[in-house]
Amino acid sequence: MRLLNWAIVSLVLASGCSHHRTADANGRHTVIWLYPIDVGTQEMTKQLVAKFEKENPDIHIEVQSVPGSQYQTKLKTLVAAGEAPDVFVCGDVYLAYLKPFLSDLTDLATRDAKEVNIEDYYPAVQKLVKRDGHIYFLPQWFNVSLLYYNKKLFDDAKEPYPTGSWTWEDYARTAKRLTSKEIWGSTVTTGWWGEWLTLVHGAGGDLFNSEVTKATLDTPEAVKGLSFYRDAIKQGFAPSPGNGPSTGFASGKFAMDYGGHVGLWATYRQIPNLDWDIEALPKGPSGRRGGEISLTALGISKSSPERESAWKFVKFMSSQESIRAHVDRGYLAIRRSVAAEKRDKDLAPKNRGAVERALESAEPIPSSKDFIEIALDLVQPEIDRMLTENISPAQAAKRASDAANSFLRATNGGAK
Amino acid sequence: MIAPATLGLLLFTLGPMLISLYLSFTDYDVVSKPNFVGLANYHYLLMADPSFWVSVKVTAMYAVGSVPLGLFAALMVAMLLNLDIPFKGAFRTLYYLPTLLPATVSGVLWAWIFQPTDGLLNRMLAQVGVTGPSWTQSPSWALPALVIMSIWSYGGSMVIFLAGLQESPKALNEAAALDGANAWHRFRIVTWPALTPVVFFNLIMGLIGAMKAFDQAFSFGQSNGAGIGGPARATLFYVLNLYTKAFEHFHMGLASAMAWILFAIIGLITFLNFRLSKRWVYDEAAS
Numbered sequence: 175m176r177l178l179n180w181a182i183v184s185l186v187l188a189s190g191c192s193h194h195r196t197a198d199a200n201g202r203h204t205v206i207w208l209y210p211i212d213v214g215t216q217e218m219t220k221q222l223v224a225k226f227e228k229e230n231p232d233i234h235i236e237v238q239s240v241p242g243s244q245y246q247t248k249l250k251t252l253v254a255a256g257e258a259p260d261v262f263v264c265g266d267v268y269l270a271y272l273k274p275f276l277s278d279l280t281d282l283a284t285r286d287a288k289e290v291n292i293e294d295y296y297p298a299v300q301k302l303v304k305r306d307g308h309i310y311f312l313p314q315w316f317n318v319s320l321l322y323y324n325k326k327l328f329d330d331a332k333e334p335y336p337t338g339s340w341t342w343e344d345y346a347r348t349a350k351r352l353t354s355k356e357i358w359g360s361t362v363t364t365g366w367w368g369e370w371l372t373l374v375h376g377a378g379g380d381l382f383n384s385e386v387t388k389a390t391l392d393t394p395e396a397v398k399g400l401s402f403y404r405d406a407i408k409q410g411f412a413p414s415p416g417n418g419p420s421t422g423f424a425s426g427k428f429a430m431d432y433g434g435h436v437g438l439w440a441t442y443r444q445i446p447n448l449d450w451d452i453e454a455l456p457k458g459p460s461g462r463r464g465g466e467i468s469l470t471a472l473g474i475s476k477s478s479p480e481r482e483s484a485w486k487f488v489k490f491m492s493s494q495e496s497i498r499a500h501v502d503r504g505y506l507a508i509r510r511s512v513a514a515e516k517r518d519k520d521l522a523p524k525n526r527g528a529v530e531r532a533l534e535s536a537e538p539i540p541s542s543k544d545f546i547e548i549a550l551d552l553v554q555p556e557i558d559r560m561l562t563e564n565i566s567p568a569q570a571a572k573r574a575s576d577a578a579n580s581f582l583r584a585t586n587g588g589a590k
Numbered sequence: 004m005i006a007p008a009t010l011g012l013l014l015f016t017l018g019p020m021l022i023s024l025y026l027s028f029t030d031y032d033v034v035s036k037p038n039f040v041g042l043a044n045y046h047y048l049l050m051a052d053p054s055f056w057v058s059v060k061v062t063a064m065y066a067v068g069s070v071p072l073g074l075f076a077a078l079m080v081a082m083l084l085n086l087d088i089p090f091k092g093a094f095r096t097l098y099y100l101p102t103l104l105p106a107t108v109s110g111v112l113w114a115w116i117f118q119p120t121d122g123l124l125n126r127m128l129a130q131v132g133v134t135g136p137s138w139t140q141s142p143s144w145a146l147p148a149l150v151i152m153s154i155w156s157y158g159g160s161m162v163i164f165l166a167g168l169q170e171s172p173k174a175l176n177e178a179a180a181l182d183g184a185n186a187w188h189r190f191r192i193v194t195w196p197a198l199t200p201v202v203f204f205n206l207i208m209g210l211i212g213a214m215k216a217f218d219q220a221f222s223f224g225q226s227n228g229a230g231i232g233g234p235a236r237a238t239l240f241y242v243l244n245l246y247t248k249a250f251e252h253f254h255m256g257l258a259s260a261m262a263w264i265l266f267a268i269i270g271l272i273t274f275l276n277f278r279l280s281k282r283w284v285y286d287e288a289a290s
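Protein sequence lines, in the order shown, are assigned to chains C and E.
My numbering numbers the first residue of the first sequence as 175 and each following residue consecutively.
My numbering numbers the first residue of the second sequence as 4 and each following residue consecutively.
Keep in mind that the hints were calculated from the coordinates and are not lab data.
Backbone N, C-alpha and C fix where the C-beta goes; we use that ideal spot for every residue, glycine too.
Do not take every clue at face value.
No more than 20 angstroms apart at the CA atoms, straight line, and that leaves these computed lysine to aspartate or glutamate pairs for DMTMM-like [as the list claims (entries may be wrong)]:
| id | chain 1 | residue 1 | chain 2 | residue 2 |
| --- | --- | --- | --- | --- |
| 1 | C | 476 | E | 32 |
| 2 | C | 489 | C | 229 |
| 3 | C | 355 | E | 121 |
| 4 | C | 427 | E | 121 |
Restraint ranges, calculated between C-beta atoms of paired labels, are given here [claimed, not checked]:
| id | chain 1 | residue 1 | chain 2 | residue 2 | range |
| --- | --- | --- | --- | --- | --- |
| 5 | E | 128 | C | 304 | 37 to 47 angstroms |
| 6 | E | 72 | C | 242 | 41 to 51 angstroms |
| 7 | E | 172 | C | 242 | 42 to 52 angstroms |
Excised from the complex, chain C in its bound form:
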């Protein structure tokens, strides 16, 4: 009897761990896609999946929805349990961490080169897709740091709109002039690295050395970038954290938004009286704009029993058809051919040349699995303190670098 029990338990465990997946009753191969729930794209996603299944009757896409904030936790837990989904979101930001679990798609991308058409992506995107000569994912859309401006507030103040040749000085001077009792010249992005890291780059500094083995936020260049960031508040053209309208640039009370996210385009477009446009970020003293580029992409699990079917789906999600659907939902076209169609030409922002200018100098975040943890958990608290307490940029930079270096030393020494 005891032996029988053990046999049952073993069978159950073995079936749970199996990598073999049989076709369903209709003879279809099931591809599991772990999808981060997004109200803005849910309907589009449903339609794209339906379209794909219609075109590929032998494949069924099982969409497993997870709230966006729990996505990484769910994904890693599934990977650890040996039940990794076939397809999952894995932009360049998480690539360093996810690489051990991602299937190298270079062979498939080479085989289907014409269909994949990597050359159709913007050159900056191509570089990220083939970061170390290998292809681990195909992207759907991207974010690039831009300067957003409220045209009405500029017109009211008879200020000329920002241009691609603006420097930090032009930006700060204009922001100061535009600041009045009700209006702020610009925003300050808090809570993540979006703005401060851009400014550190613009000043010629960086968060890490090129090998990502040492934090370098305490160099004079980096401190200069942090000082410019803090001075927006000190000089009175940007509100301190928590002050100013809680809806930010969308409130219509900010003349500019430094380094805003393209994911907000759809929201801005829905605000009736918000007349806005974009420009590439101003150049810092180093000549770099310092803005970030990041991709949202789909990759395939290394252990997927349905690699070929999953690849078909990933290709479809990066095809012109899918990118068009993304553009219609307010996202930036990642394929140049779709961008040239100007499907959203009647919608803001009109100054689309700014995207190309921004892309020419956009910088990816460091390819390190520790980047997010260091930037958010170790550096960000010191940046917060610099903005809200009487701590100088040099002090904040020193404390942040010390914390990051201590972490790097400890993790190299075994702590984890």
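With the hints as your guide, set chain E onto chain C.
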């Protein structure tokens, strides 16, 4: 009869505890095999981690602020609800209701109340000419905001106090009243000593709850844009720090070590509380 309970204890409590003790000496990251790293995790936490001692301090300050205030509020409301007033049952239900709200829901609600520019509290303060602080974004005010928020959920302690008050010796109270003792004297000399075991129970439970506080700070940070534990780690409770290490960054070794340190801290504080209780908790059997 006790076999299933023992099996449950071994499988679901003792087993995971021992595994977490083992993991605290490894570099386990969920996706690869754990390697033994000796005391490296404990050394990093105690000697180098910039967030460990901050989260200990934040949790201690929260406990010191929220537990006495919460107990005081619970006792006051319990005493009011112990009076012979109309609709007593309805009032008791109403005052208990906030406790039933999930902490994440009340976290979102309170994040709106504390919102610096458009929030309810600062708007009310502005009506009386006071400029409210930047509750959610200021490292100095974020924790007091959470302490204020915690007082709202005193329902559990209130019910226990109410039960304690109803057990308070009526005959002694009446005798004291006949002897001319006023309400304060009756409370101090008769009610309070009888209530001290209940106060002690609520204190212990409140302290343990405060040291394990998590969800209110988690939802508060997420709702107000300051980030989890933000701003500037001002709301980084110990368990929130542990969670971030475990489930955001998958440092299961560090997180397990933190769990065992917390276990030791709670054990020590509870032991000290029991030792000190002999000085102020009334023990009917002993007297």
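Verification of the supplied hints:
1. Restraint check for residue 476 of chain C and residue 32 of chain E: satisfied, since their Cα atoms lie roughly 18 angstroms apart, inside the 20 angstroms limit.
2. Between the alpha carbons of residue 489 of chain C and residue 229 of chain C the distance comes to roughly 13 angstroms, so the proposed pair stays at or under 20 angstroms and holds.
3. With a C-alpha separation of about 17 angstroms, the suggested pairing of residue 355 of chain C with residue 121 of chain E holds against the 20 angstroms cut-off.
4. Distance restraint check for residue 427 of chain C and residue 121 of chain E: the Cα-Cα separation of roughly 14 angstroms lies within the 20 angstroms cut-off, and the hinted pair is therefore satisfied.
5. Checking the proposed 37 to 47 angstroms range against residue 128 of chain E and residue 304 of chain C shows it is violated: the Cβ atoms sit about 56 angstroms from each other.
6. Evaluation of the 41 to 51 angstroms hint for residue 72 of chain E and residue 242 of chain C yields a failure: the beta carbon distance comes to about 36 angstroms.
7. Distance hint for residue 172 of chain E and residue 242 of chain C: a CB-CB separation of about 58 angstroms, inconsistent with the stated range 42 to 52 angstroms.
Hints 5, 6, 7 from the earlier list are contradicted by this structure; the remaining hints agree with it.
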